[in-house]
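Colleague: Here is what each chain is made of, one letter per residue.
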Amino acid sequence: MTQTIFWIIQILLIPVLSPFFIGATRRIKARLQNRAGASSFQPYRDIWKLLHKDEVISEDASWLFRAAPYLIFATTLVIGASIPLMSTALVNSYTGDFLVVVYLLALGTFLLALAGIDTGGAFGGFGSSREMLVAALTEGGLVLSLLTVALISGTTNLMAIPQSIGSVPFSESLPVILAFIGFSIAMLAETCRYPFDNPSTHLELTMIHEAMILEYSGKRLALIEWSSANKYLIFITLGANLFFPRGMADSLELAPVALALAVFLIKVGILCVAVALLESSIAKLRIFRLPDLLFTSFVISAVAVGLVG
Amino acid sequence: MDYFTSPSVFYAILAVFAAGATGALAFRHHDRAANILGNSLAAAGSLAGLLFSGAVLLEGDVPAFGAGSSFSLLSITFRLDQLSAFFMMVICLIALLCSIYALGYVRHYYGRYSVGMLGFFYNLFIASMILVATSHNLLFFLIAWEVMSLASYFLVIYERRESASIRAGSLYFIMTHAGTAFIVFAFLLMYQATGSLDFEAVAQGMAGASPLVRNAIFISALVGFGVKAGIIPLHIWLPSAHPAAPSHVSALMSGVMIKTGIYMLVRISLEILPGPFLWWGLVLLVIGGASSLLGVLYALSEHDLKRLLAYHSIENIGIILLGLGGAIVFSSAGMNSLAALSLAAALFHTLNHATFKALLFLGAGSVIAATHTRNIEKYGGLIKLMPQTALFFLIGSMAISALPPLNGFFSEWLTFQALFQGVISLDVTTKTVFILAVGALAFTSGLAAACFVKAFGITFLARPRSEAVSRASETGIFPRLAMAGLSIAIICLGLFSGAVVRLLSGVGGSLANIGGAEAADAAGFESVSVQNGFASISMPAVFIGIGLAAIAITAVVFLLTRRRQTVIGRTWDCGADLTPRMEITATGFSRSIITVCRRVLRPSSETEIEYHDANRYFPKIGEVTMGLHDVYRTYIYRPLQDLLTLLAGYTTKVQSGNINAYILYIFITLIALLFLLDLTT
Amino acid sequence: MLRKILTVPKILLDRQSLAGHGEGIATSGEPREETRDIFKGSLAIRLVTAGSTNACEQELVALSNSYYDVERFGVHFVASPRHADILMVTGPVTRNMREALVRTYKAMPEPKIVVAVGDDAIDGGVFGGSYAVLDGVHNVIPVDYEIPGDPPAPRQIISALLDIIAKLNSRRPAKD
Amino acid sequence: MSYLNETTMLALATVIFAAAGLLHFTQKYSSSIRLYMLQSCAISVLLIASAFDRLTPLLVVAITATITVKVLIAPYFFFGLIKRHELKFSVSAYLNTPVTLVAIAALLLLTRSDLFSSLAGLAAVDEKLLRLAFATILISLFLSINRRGALSQVLGILSLENGIVAFALFAGLEESPGFQLGITFNILILVVIATVFASMIFRKFGSLDVSTMKKLKD
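Going down the list, the protein sequences come from chains A, B, C and D.
Numbers in the numbering used here are just positions in the first sequence, counted from 1, shifted up by 1.
Numbers in the numbering used here are just positions in the second sequence, counted from 1, shifted up by 150.
Numbers in the numbering used here are just positions in the third sequence, counted from 1, shifted up by 219.
Numbers in the numbering used here are just positions in the fourth sequence, counted from 1, shifted up by 1.
I should point out that these hints are in silico values taken from the structure, not numbers from a laboratory.
Nothing here was measured: the structure is a model prediction, and the numbers come from that model.
Don't take every hint at face value.
Cβ-Cβ distance ranges computed for the label pairs, FRET-style [what the hints assert, rightly or not]:
(1) B:Ile369 to A:Arg290: 36 to 44 Å
(2) C:Asn284 to B:Pro769: 42 to 50 Å
(3) B:Cys724 to A:Arg290: 27 to 35 Å
(4) D:Val103 to B:Glu296: 39 to 47 Å
(5) D:Lys84 to B:Arg311: 43 to 51 Å
(6) A:Ala284 to B:Ile627: 24 to 32 Å
(7) D:Ala106 to B:Leu797: 55 to 63 Å
(8) B:Leu826 to D:Ala52: 31 to 39 Å
(9) B:Pro213 to D:Phe186: 30 to 38 Å
With the C-beta cut set under 7 Å, the calculated list includes, among others, these residues of chain B facing chain C [what the hints assert, rightly or not]:
(10) Ala331
(11) Gly719
(12) Trp722
Sample of chain B residues with no beta-carbon within 12 Å of chain C, all distances over it, derived [claimed, not checked]:
(13) His522
(14) Val717
(15) Ile809
Using N, Cα and C, we set each Cβ at its ideal position, and we do this for glycine too.
Bound conformation, chain A alone:
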């Protein structure tokens, strides 16, 4: 029974919390810019508003354009159920493999890129092109950085990894640290943050993610915004729980799990602050400088894998 409850929490946690952390990151950034900024709960309001608006769909759009947001959101839900959140005792051996997560993310990107092309607008296409460039070159670093922790813990199941990473002594944690660096770069690329993309840009020419969703409105826009929030939280969670698994519960008792959830929120909050700090202190890179960074991520992660064992 408790297990069922925990599973429900596990599945719902990511979509429920994700708008908050997007909002929080924005707010921290606003503060760093000496502004008050919108409330951390602003994304909830935006999504609520969009769900209550009409929709305008281009006459050139096909069923793919209409179906994509639902499927993309569905992939983030499945991923949310496959990643470690609070307790290492909860193991999903069906979809918990890290490759499943990586490729489900790729599925979302694939569908979104197609939807970007679908309407035949001038911006959607190059948004897709850039997105696929970044996504394709991120893959190597992402897979190898996650492989590092998987090798250390002797399983590629994400939900089982934290248990053994937590017991790695500090003197042997070099691969973990390197992998985390590689992972962070991949994370910034996948979630469209600085220096890869400006999440709040209005200039079509500098867009990557935004350019693809220019044509969406109403409920489908809400779903897309929500799924990218989910994706952001998924990556933050992976970063927090795979590389710094301290504080995760190792049983399914109520008290430790509640504690673990609190610790989880704090860890995610810290990472959000880190992202905001990073975004406020660096400039966006030229698109042809991005591959260098992504290859750096790949090389660092490859070295990390080499150092394991």
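Starting from the known structure of chain A, arrange chains B, C and D on it as the hints suggest.
Modeller: Same frame as chain A, now just chains B, C and D:
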């Protein structure tokens, strides 16, 4: 059931193909009859072959059977062990659906080219592939191999009034025969070492062969079969030959024929040659990584839909070789269960690639038949004109991009897991190769996704970019039936991957150098786990998870927004008129990735501007052609060709054109051989 | 740094000092029922410059800086009319921009609000009567609210926006 | 071969050898063809004799085919050919008669030499016969080299064929029916192709002298 796997059934299947071939030839003046006869008999034969090979896979090997011949070395014998049966199953599965497709597709050749000839060579081609996969004698194998090459050559030059087809055919002819020369060399070495040409006897006799001989056999087999499989840099024939053939033949060539090269590589390196060496596996890993990465990058730069797909075949062969290379490395290190895992990954990817590449080629064939162009830049908006073809092509695209929950994802997952095991369990130098292979595989699948966003997006989405395309219409019922069949196969192979892995585990385990090890364990809910739970996955769970989540979210959103309307408007165009010329082009889409990889790909761009005036101030028309420098031609094949021409220049002096002189050469050779004989005895 | 994140910046104008400086003048009477409650705390603006002098744009850009910081009220500018709730138009609408303005309006999903910003947009302002302009946004698309001024100061605009939001949300629908 | 004693066999072998040798010195096409017929007859006799030894259906077919093709059809073709194109003489050779003789002698010496001893070991009946058959092969080849006329060259090749058959018989290979069938089949093809080519070439160039055919290369 035992009755069903008897040799006579096998002969009957061959007879059906023979009937199809002769029937099509007999009715060559009557296009419709030739089409129906040739293709329906091919379909019937393939169906029977599919059932037959499936029965063999379930029931166990059929021992060698067949007719001997009066020649001591050539015996027309067949053997259906698990590996042969598996490849025969792949061949028959794809051939079945391609034949159904051809029933409708061939119609547009009526009155233009001889449908009878097409039917003849098509049946011959399928039958010869089956013979290649099942023959049990090296010499007989060579004959079947040559028939397969020639039949496919005639299919490549089928549209004989296109000069491009003829050129592609010639290149194919030369390359494949250069490859055959290496194969013959490998076989001769085997014969020399064992004194027999029967597979079983050769495999037994090879145990005593020296490492030098074994290495030489492996290298020449790798080159010879590598040409057919299309590994880089021996691939140059592939992107021009596959697109030139009619689409259902392209599907067979790309989906199945190149796999015969893989079949023999597996057979030679894991069964015939005892105790493979570590470096064989490493070489295959390096070649596989390079082929997959370069293949997908070249595919990105292609704007010809079928050439693009042909380059993806190179990529997927690379992925298969990663699995095979891993299997050889593990086998040489004595880790049999890992070798079984790795080989299962390679074989699974072989099967998967056959299904989705055939589907994609068939889809491309329908698109080309409807639009009369192969240039991807001219397409657009076909999803509204050909909705079902678009859906099938999308399924194929997702499968080849290794997106879950389709079959392409599962075999790449298995390949990844095999490579991970290599990273875990091997020494530092070997491990490095495996890490790089993992990286290559990861980048490859990302780039493949990018390439298929391009291929699918530019072809089917947005608005038509040319007049011809806007008049396209959905293809006939048979092509759609065939594509639907392949789509179902793709989905089922993804869903029931657990069962397939168990089957392939048996196939791999039957090989001598793996010795019966299990590839993966099966747990509940169709889930597969490798290496005692190092990794586990359940494809049905992924499928159902996505489905349930999508249904749930759709229901929730529907409830929330049921009172809101959806309005159809024009695409947001910033107030200016949007024309199809403003849409992203395939060139534009992939140019950024090509620019990133410019060191490897060597992009070229030529600008041509026509001016209004002599001072060249006012340009009239500007044209930029973007492409790639052909590195292989410039640095490998051109020098080779020059060298050959030079040598040929010397040898022309020998060619006097006088018959007497030629007979004199024969005479001298005879005498010289006699001397040689005398010296050796 | 942490203090900076946690405390409200000093130079920011507070809410009280903003109120009452300007108001959104409703042109179409009662707000439609469907707009009620939807825009609570979330408003996306699409700006169309229909032949303006760029003065209004300068002021609108100032809204996002750290002094006025319109974002704290949940108001933000977006890149596509598809994402927008409010269409802000500046300038007297030149003949060349007419079609673009209409298309932008059509591209927005319902419910949508049109706000004419500045005297030019309201009735043509100093350009009124010129052969090149159409004398205000209302001649092209229905306008819901007007923010007068030539150009209106940022403070006026924010004040008017808050007023508009208040009007949209607070007023009871007629039949209730 | 027990039905023929050694002397008979030696005689037949000599006939075959002599026919090949004499082909070098015939002046007329018709006599060349007759010599070939003679040679083929000798071969047929040898084949029939071997059939008594061990009769298989395939061997019967092979013998029938050999007799039909070599003794009847091929000469008939050639007679038809020379009649149609009114050819009579085939005098031109690269080497004159004495030098040809010397060359033939040298070839004979070669077959007698130790060089050949390894092959001679194959002999089922008599080493001498084998050497003779081999000499036939070499001399026939030499005929094709030496003669300019296309018809003589074809005859040289056919005679070579006969030499090979004789060699196979003496080496005891006649039991392999595939071998017999292959050779027969080969001859059939050769005759057809040669005829077609010869008439095509004659129509085009008006001569069968290959040295006037140099233009073919261009």
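Colleague: Against each hint, give a clear statement of whether it holds in the structure.
Modeller: Structure-based check of each hint:
{"no.": "1", "hint": "B:Ile369 to A:Arg290: 36 to 44 Å", "verdict": "holds (42 Å)"}
{"no.": "2", "hint": "C:Asn284 to B:Pro769: 42 to 50 Å", "verdict": "holds (44 Å)"}
{"no.": "3", "hint": "B:Cys724 to A:Arg290: 27 to 35 Å", "verdict": "holds (28 Å)"}
{"no.": "4", "hint": "D:Val103 to B:Glu296: 39 to 47 Å", "verdict": "holds (46 Å)"}
{"no.": "5", "hint": "D:Lys84 to B:Arg311: 43 to 51 Å", "verdict": "holds (44 Å)"}
{"no.": "6", "hint": "A:Ala284 to B:Ile627: 24 to 32 Å", "verdict": "violated (58 Å)"}
{"no.": "7", "hint": "D:Ala106 to B:Leu797: 55 to 63 Å", "verdict": "violated (38 Å)"}
{"no.": "8", "hint": "B:Leu826 to D:Ala52: 31 to 39 Å", "verdict": "holds (35 Å)"}
{"no.": "9", "hint": "B:Pro213 to D:Phe186: 30 to 38 Å", "verdict": "holds (34 Å)"}
{"no.": "10", "hint": "Ala331", "verdict": "violated (62 Å)"}
{"no.": "11", "hint": "Gly719", "verdict": "holds (6 Å)"}
{"no.": "12", "hint": "Trp722", "verdict": "holds (5 Å)"}
{"no.": "13", "hint": "His522", "verdict": "holds (35 Å)"}
{"no.": "14", "hint": "Val717", "verdict": "violated (7 Å)"}
{"no.": "15", "hint": "Ile809", "verdict": "holds (81 Å)"}
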